[in-house]
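K.L.:
Model the full structure from these sequences, guided by the hints.
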Amino acid sequence: MLGSLFKLAKVLFPVGWLVLGVALVAMPLIWHESSKHLALASVRSVADQMGPTADQRKMSPADRALTQQIRKAIHHDGSLSNFGRNIKIFTQDGKVALRGPVRSEQERYNLGTKAADAAGQGNVSNQLDVTPLK
Numbered sequence: 006m007l008g009s010l011f012k013l014a015k016v017l018f019p020v021g022w023l024v025l026g027v028a029l030v031a032m033p034l035i036w037h038e039s040s041k042h043l044a045l046a047s048v049r050s051v052a053d054q055m056g057p058t059a060d061q062r063k064m065s066p067a068d069r070a071l072t073q074q075i076r077k078a079i080h081h082d083g084s085l086s087n088f089g090r091n092i093k094i095f096t097q098d099g100k101v102a103l104r105g106p107v108r109s110e111q112e113r114y115n116l117g118t119k120a121a122d123a124a125g126q127g128n129v130s131n132q133l134d135v136t137p138l139k
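Residue numbering for the sequence shown follows the numbering used here, starting at 6 and increasing by one per position.
Quick caveat, the hints were computed from the structure, so don't treat them as lab data. All the pointers check out, no bait thrown in.
Using 20 Å as the maximum straight-line C-alpha spacing, the simulated SDA-like pairs for lysine to any residue come out as follows:
#  : residue 1 : residue 2
1  : 93        : 106
2  : 77        : 124
3  : 100       : 72
4  : 93        : 124
5  : 100       : 73
6  : 93        : 72
7  : 63        : 130
8  : 100       : 125
9  : 77        : 91
10 : 93        : 105
11 : 63        : 98
12 : 77        : 66
13 : 77        : 105
14 : 100       : 130
15 : 77        : 117
16 : 93        : 114
17 : 63        : 102
18 : 100       : 131
19 : 93        : 67
20 : 100       : 124
21 : 77        : 122
22 : 93        : 68
Being a predicted model, the structure only gives us computed values, none of them experimental.
P.N.:
Right, here's the structure in full:
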């Protein structure tokens, strides 16, 4: 009985190590392929949602002047927080998009009004996020 148990152990021990070795070699390959597909899908979805970045956009002289006018109005308002002063202003074909964090709903409204005064009411997309102090 004991002899057959040792024979069985001699066979099963190398087979177990072989299975473990194959699993350890195959796992990083499977993980790498799946993470590559997930990362690619994530990059595509973010790129689809955001559109072109600021350096990829073409800016006409009129758009540049409009952005400067809005930026000057923001700069001269002393009531804005640092977050409000550093918002992103995207201008394309006379349409303005405001993005970034601000400290209050009043500040969000104030910045949207400044942009609307310069670009016109229907030409402003206020996408500012209100993130109050914690």
